[in-house]
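Colleague: Note that the protein sequences, when read in sequence, are chains A and B.
Residue numbering for the first sequence follows full-length UniProt numbering, beginning at 1 and increasing consecutively.
Residue numbering for the second sequence follows full-length UniProt numbering, beginning at 1 and increasing consecutively.
No wet-lab data here; the hints were simulated from the structure.
Among the hints, erroneous ones may be present.
[To be verified] Dumping the calculated SDA-like pairs for lysine to any residue here, alpha-carbon to alpha-carbon at most 20 Å: (1) A:Lys118 with B:Ala55; (2) A:Lys157 with B:Pro56; (3) A:Lys101 with A:Glu143; (4) B:Lys325 with B:Ala306; (5) A:Lys263 with B:Ile393; (6) B:Lys435 with A:Glu112; (7) B:Lys383 with A:Arg282; (8) B:Lys385 with A:Thr237; (9) B:Lys205 with B:Asp133; (10) A:Lys213 with A:Asp191; (11) A:Lys59 with A:Thr113; (12) B:Lys385 with A:Gln280; (13) A:Lys157 with B:Ala55; (14) B:Lys385 with A:Ile284.
Single-letter residue listing:
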Amino acid sequence: MKPEKHSSPPPVAGPSKTSSSDGIPAYKTRLILSGHSKSISSIKFSPDGKMLASAAADKVVKLWNTETGEILNTLEGHTEGISDIAWSPDGEFLASASDDKTIRLWSLEMMETVNILKGHTNFVFCVNFSPKSNLLVSGGFDETVRIWDVARGRTLKTLPAHSDPVTAVTFNHDGTLIASCAMDGLIRIWDAESGQCLKTLADDDNPICSHIKFTPNSRFILASTQDSTIRLWNTQTSRCVKTYTGHANRTYCLFTDFAPGAKYIVSGSEDAKIYIWDLQTRTIAQVLEGHRDVVIAVASHPTKHMLASASMEKDMTIRLWIDANSAT
Amino acid sequence: MNSILSDPFTITYPTAVQTSLNSGASFANFDPSGSYVAGGRPDGSAVIWDLDTKAPIRWLEGHVKAVTSVDWSQNSRYVLTSSKDWNVIVWDLASDTDPVRRRATIRFDAPVICASFHPRNSQIVLVLLSPGDAYLVDQRKQYRSRIELCEIQEESEEEGQGSRPRSLMTVVRFDPTGRYIFAGTSAGSVLVFNTRTKTMIARHKISGAGIIRALDFAKGGRRLVTNSSDRTLRQFNLPVYATSAAEGEYIEQELEPTYRFNDPINKNAWHAMAYSPDGEWLAGGAADNASHKIYIWDLANEGQFATALDGGPEPLLHVHWHPKKASIVSTTNVGNILIWHCPTPERWGAFAGGFEEVDENVEYEEREDEFDIEDESEIALRKQKAEDEEIDIDGLVEDPSSKQVEHVQRIADDDDDVAWAAEEPDDDHPDWRMKVMVEEDVDGM
Numbered sequence: 001m002k003p004e005k006h007s008s009p010p011p012v013a014g015p016s017k018t019s020s021s022d023g024i025p026a027y028k029t030r031l032i033l034s035g036h037s038k039s040i041s042s043i044k045f046s047p048d049g050k051m052l053a054s055a056a057a058d059k060v061v062k063l064w065n066t067e068t069g070e071i072l073n074t075l076e077g078h079t080e081g082i083s084d085i086a087w088s089p090d091g092e093f094l095a096s097a098s099d100d101k102t103i104r105l106w107s108l109e110m111m112e113t114v115n116i117l118k119g120h121t122n123f124v125f126c127v128n129f130s131p132k133s134n135l136l137v138s139g140g141f142d143e144t145v146r147i148w149d150v151a152r153g154r155t156l157k158t159l160p161a162h163s164d165p166v167t168a169v170t171f172n173h174d175g176t177l178i179a180s181c182a183m184d185g186l187i188r189i190w191d192a193e194s195g196q197c198l199k200t201l202a203d204d205d206n207p208i209c210s211h212i213k214f215t216p217n218s219r220f221i222l223a224s225t226q227d228s229t230i231r232l233w234n235t236q237t238s239r240c241v242k243t244y245t246g247h248a249n250r251t252y253c254l255f256t257d258f259a260p261g262a263k264y265i266v267s268g269s270e271d272a273k274i275y276i277w278d279l280q281t282r283t284i285a286q287v288l289e290g291h292r293d294v295v296i297a298v299a300s301h302p303t304k305h306m307l308a309s310a311s312m313e314k315d316m317t318i319r320l321w322i323d324a325n326s327a328t
Numbered sequence: 001m002n003s004i005l006s007d008p009f010t011i012t013y014p015t016a017v018q019t020s021l022n023s024g025a026s027f028a029n030f031d032p033s034g035s036y037v038a039g040g041r042p043d044g045s046a047v048i049w050d051l052d053t054k055a056p057i058r059w060l061e062g063h064v065k066a067v068t069s070v071d072w073s074q075n076s077r078y079v080l081t082s083s084k085d086w087n088v089i090v091w092d093l094a095s096d097t098d099p100v101r102r103r104a105t106i107r108f109d110a111p112v113i114c115a116s117f118h119p120r121n122s123q124i125v126l127v128l129l130s131p132g133d134a135y136l137v138d139q140r141k142q143y144r145s146r147i148e149l150c151e152i153q154e155e156s157e158e159e160g161q162g163s164r165p166r167s168l169m170t171v172v173r174f175d176p177t178g179r180y181i182f183a184g185t186s187a188g189s190v191l192v193f194n195t196r197t198k199t200m201i202a203r204h205k206i207s208g209a210g211i212i213r214a215l216d217f218a219k220g221g222r223r224l225v226t227n228s229s230d231r232t233l234r235q236f237n238l239p240v241y242a243t244s245a246a247e248g249e250y251i252e253q254e255l256e257p258t259y260r261f262n263d264p265i266n267k268n269a270w271h272a273m274a275y276s277p278d279g280e281w282l283a284g285g286a287a288d289n290a291s292h293k294i295y296i297w298d299l300a301n302e303g304q305f306a307t308a309l310d311g312g313p314e315p316l317l318h319v320h321w322h323p324k325k326a327s328i329v330s331t332t333n334v335g336n337i338l339i340w341h342c343p344t345p346e347r348w349g350a351f352a353g354g355f356e357e358v359d360e361n362v363e364y365e366e367r368e369d370e371f372d373i374e375d376e377s378e379i380a381l382r383k384q385k386a387e388d389e390e391i392d393i394d395g396l397v398e399d400p401s402s403k404q405v406e407h408v409q410r411i412a413d414d415d416d417d418v419a420w421a422a423e424e425p426d427d428d429h430p431d432w433r434m435k436v437m438v439e440e441d442v443d444g445m
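Next up, chain B with everything else stripped away, as it sits in the complex (with noise of 0.2 Å):
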């Protein structure tokens, strides 16, 4: 709403940190609204701040080990986070106990590397084990189960049975429909699965890429980045898979990048990245242990280097872009969790009404009829004229960024696919409510 009234040439990338909030986390993620940022700690809990207040308001203390990762539900009521104590918790935020109540803990008998919500469905679970097995958990009545995804080997191999080894998967996401689990490989190709039949519907080869380490969409699917061991961010432009194919069936194709982004000078690794709401920018997370860098690339024009931002002395681990706005979050390796945005000058003509603020001397042109004498009831009555004119209070502007949301929902819709996942919805409802939880020790009382 504000955007409406504030300067539209607004810069579409964040610029300077805004708040630093101690937390202990390795690494923290916005919510799909924005309002809240959850952070992962190494010593097995989890805590949610509320942004507009700059406080932690929930603690998710559930895990010995370290958190691995953290997801929100698509309307943040659930929260989900991932440990090496080999559980993963799912986590209630509209429960109004302290601590938060529980859904479901998933165990499992190995670390959990990290852990997703399906998009749509917070009971259906996207898991990667400890060295590289990834399981899909669907927790629904109907199709209880827990099925590991498996890459399927060529079977013209000539050279003999067992002379290669399985490559391990090293990084499970969901795209952002949820039709498709993408897994990267230590073999440095990712893999494609189809979420409802779990099985392998293409492979791509990196050439050049070693393994992949991490993996992000733009919002709408189309694209993807990919970060590996070589030190290289690839964005790639997806190609369309064929809703139903036949068992066994799946598509080999190499991709190629259409950007790569590394560092020419210091020839830093990446340690995270993210594109930004509207995928117009790349912001890459430097694993430099001097320094806190996030690079922040033009993807509209072709792919150029913006600016590199500088987070201080403390070492940077994650970054993650705000879902809808200018900001990033970026945790540093001592646990603080950096808010960035984009700071506004301070407009001192808003403070005045009807007052305009120009950069430039504008040479005024005065209307024919300006100065001209009026009848005073002719004023009254041309007045009175332009107060008939009906107006709506009730009706919202449409957000643009909503409404680009939306497109994505719609060609999705009309999809078996889709369909599976809606089955037996979570009660994740958009209106749902953080209950405000009064602190005890307040001075004065």
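Next comes chain A alone, as it looks inside the complex (with noise of 0.2 Å):
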């Protein structure tokens, strides 16, 4: 780990007359995260910002100050690479999916294994957490959508999804709806109560989708598919009312978020780089260089102007931008 030059106040760039609300980003790394061992899988920001969240697949999942940059702990017990994790929305817990088929309940109080959640047949691939961080969701390479009992460790229910490996799972802002996607190209929206089908969102060309994530009112989803897209479904209509195109994404299943102030769209590309775009106009707004691989995973923080990216083998490391044009 060693900060970049600009790890001391940034200089700031541009105008100096842009607000701080409506600046153009400019973000700048702040921070170089280096710990993993193998090719990295997932970042995630804590709820409260303070901490970030990483796994490998070198096995374990690694927690780091994001202010010092500090490895603060290191989690280990599964057996095998681990593709996924969620933070509980109240803070208390983390969830690793992994190849081992199993998902692991870490305590952060504890920092250790309070249950592993057996019952996939095959690799686990993705996780997340209800808004009251009593249930889970899970979806894997057996193409089932798993809803588990997060304080007794036992599955509530399995969705026969997808024909395909389960890429990713969410649940919507209050809980009652369950997004599903997979490598069989569609997205399939659930009704997180009862198990039904709501309804399915599907692309003439059915390419094999990535990552999903609703909007913060749920009423649309992001999601990025293998033909270098990201798309915007209207969940109601079930059109597509925003594409996004510029970055590269043929092979891996890239990760896409709503950058800090819901303003813009981030995503990982398989050309090492990190595309920001406008949400409205759709065009890009800022291209991250510094990454040396595919940059498969990207993360907002929840309150702050800070991003941060991870990249596979030939790199390795996780890096912390900050938004030179945000005041904080």
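Take each chain as given, in its own frame, and dock them per the hints.
Modeller: Shown next as structure tokens:
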């Protein structure tokens, strides 16, 4: 870990008149974190933004201090590589999804495994908590979506969700809906309580769907697909309302997110860059360079104008970026 | 949220049992958010169930005799239990200790029949003691008090003093705004008290009712339903009570029910009744000792009988309607809590993208330009244009059910009584979270 040149207060780029709220993003590397010994697969900020959790093919989860870049903890236990991690919204738990077919539930208080969720019959690829932190959803190579009781560690429902590995699954803001996407190219929306399928969003060509995320109001779903496109779907009308292109995504399940402030979209790319688009105009607002391999994961800080990104084998670092055009 | 995506023509009352929770409870109530159920048990404990996981998440163990009522604070942080052991306990679910921490224990000198929180401040508690005295307990520093609610007797009684025995209170409830306390009596009348002044402001004689057993309000507080010993449920439209009545003045008014509900065949009495959240349906739990029957009446349709739900052979003790949905919780006499819901048939068409299921054949009407060959660049251009439209990813779609509640609050906000109740607020913030407690006993660990 070594801070780059711009670690101290970065010089204000561009005209000083631009206000911090509607200024064009000007993210600059603040910290480079290294510690994983194999390709990183997922990074997530804690709900209070003080920590960043990372998971990798090296079977461990690492917790980083987002201010100093220190490693706070390394959580060991999985017997195979980890594909995804998630924080519980109450900040009490971390869940990690692994190729050892289990999900481990970690207590942040005790920094140890409090439950091992067994049930998937193949690699577990994605995981997320419900807004109340009492439920967990996971998806994997057994093509199912499972809903778990966090307190008891048992499966509540198994949805025969897709006909290919499930690549992402998530709750909406109030926990009444679950959305899943898979390599079959379909995005499905489920009623969380009954487990019934409410609708399916599909494009004509069915490119493999890498990642999905609900907008804060759950009216849209941001979906990245392996035709190097990110689409924003209206869940009510089942129509694609925005498309974002320019990055490269043909091989990996790249994460996508709303950049801090919710006015921009951010995604990694297979050309080792990070792309930031204007949500409304769909134009590229900034391209971040620095990583030396595919940027598989990006994450947005919950409150500050800070981004995190993680790269694969040839790089294996996490970069923290802050927006120079933002006052904070 | 999911209501937006699912069928808009949903039936508005439940039709089938979704889950049975084996809890040893004699009654159970939903919390105001509809996420939890609290059940009170004859052994003195109460249990909180999480409806997402259908699992018990907290045990409230503090009474040595049967729990007689359970109530939730407005944001579900505090739970009140009353018991035949003369105590009322206020529990704080935000405590992360096991057992749950108590915020207060309120002791009396008689068994407690029922108790409830003020709808806006959990530090104001209404209690009914056996055999029939009601107290308003205020635990706020500024107002710390325990005041008995007394019925004003008619002064111009000519038969002499002491000839008429004082009628006993059989049930006491806050109205949904918290401004008034309604008390049913053994003499078949409903008394109304101002919560702030603790004085009686109205007495409604209900002729033919006998002993009043229970009261329930439609969400807005404008309608009241009573259960009484004549085996009839009566619905009333409530008058508007003067905000500032002079000391000792009260309305003496007989109320005429808008509807009467009874069981014409078996002549069953009722154990409990509950309004649907929109006030358009009324559910009555029949006191039948051989079956579990809930009758539903359609209030929007002149109180017509809609259906009778059959919950099996275990007799019913209690009924409570979900605060937001077409769901009911009913309790059986062997301690099972039944959660009723409205099952929706699986729509297989939902599994296919851009596919719409229709019930009957529809004649396909082709649009004029539907199969016109169009220039690809033109299509792309049109698509581009459509995508330029500004979208809102932050603003929430307003939930019609929450709007209704707000409406009630708005009416009441500019009111002395409401302002009084809001003083020294409790710590029942809307954003508190129930901590998830992982069970220790996990196999494979």
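Colleague: Next step is simple, just say for each hint if it's right about the structure.
Modeller: So, going through the hints one by one against the coordinates:
Restraint check for Lys118 of chain A and Ala55 of chain B: the C-alpha separation of about 19 Å stays at or below 20 Å, so the hint holds. A distance of roughly 18 Å separates the Cα atoms of Lys157 of chain A and Pro56 of chain B; the hinted pair therefore holds under the 20 Å criterion. A hinted pair counts as satisfied when its Cα atoms are at most 20 Å apart, and Lys101 of chain A with Glu143 of chain A qualifies at roughly 13 Å. Proximity of Lys325 of chain B to Ala306 of chain B is assessed by CA-CA distance (about 17 Å); at most 20 Å being required, the pair is judged to hold.
Only pairs whose Cα atoms come within 20 Å are accepted, and Lys263 of chain A paired with Ile393 of chain B is accepted, the gap being roughly 9 Å. With a C-alpha separation of about 18 Å, the suggested pair Lys435 of chain B and Glu112 of chain A falls inside the 20 Å cut-off, and the hint holds. With a CA separation close to 13 Å, the supplied pair Lys383 of chain B and Arg282 of chain A stays within the 20 Å bound. Taking the CA atoms of Lys385 of chain B and Thr237 of chain A, the gap is about 18 Å. The hint holds against a cut of 20 Å.
Pair hint Lys205 of chain B plus Asp133 of chain B holds up; C-alpha atoms about 19 Å apart against a cutoff of 20 Å. With a CA separation close to 16 Å, the supplied pair Lys213 of chain A and Asp191 of chain A stays within the 20 Å bound. Taking the CA atoms of Lys59 of chain A and Thr113 of chain A, the gap is near 14 Å; set against the 20 Å cutoff, the hint holds. Between the alpha carbons of Lys385 of chain B and Gln280 of chain A the distance comes to roughly 12 Å, so the proposed pair stays at or under 20 Å and holds.
At most 20 Å may separate the alpha-carbon atoms for a hinted pair to count; Lys157 of chain A and Ala55 of chain B meet this at roughly 14 Å. Of the supplied pair hints, the one linking Lys385 of chain B and Ile284 of chain A holds, its CA atoms being roughly 17 Å apart against a limit of 20 Å.
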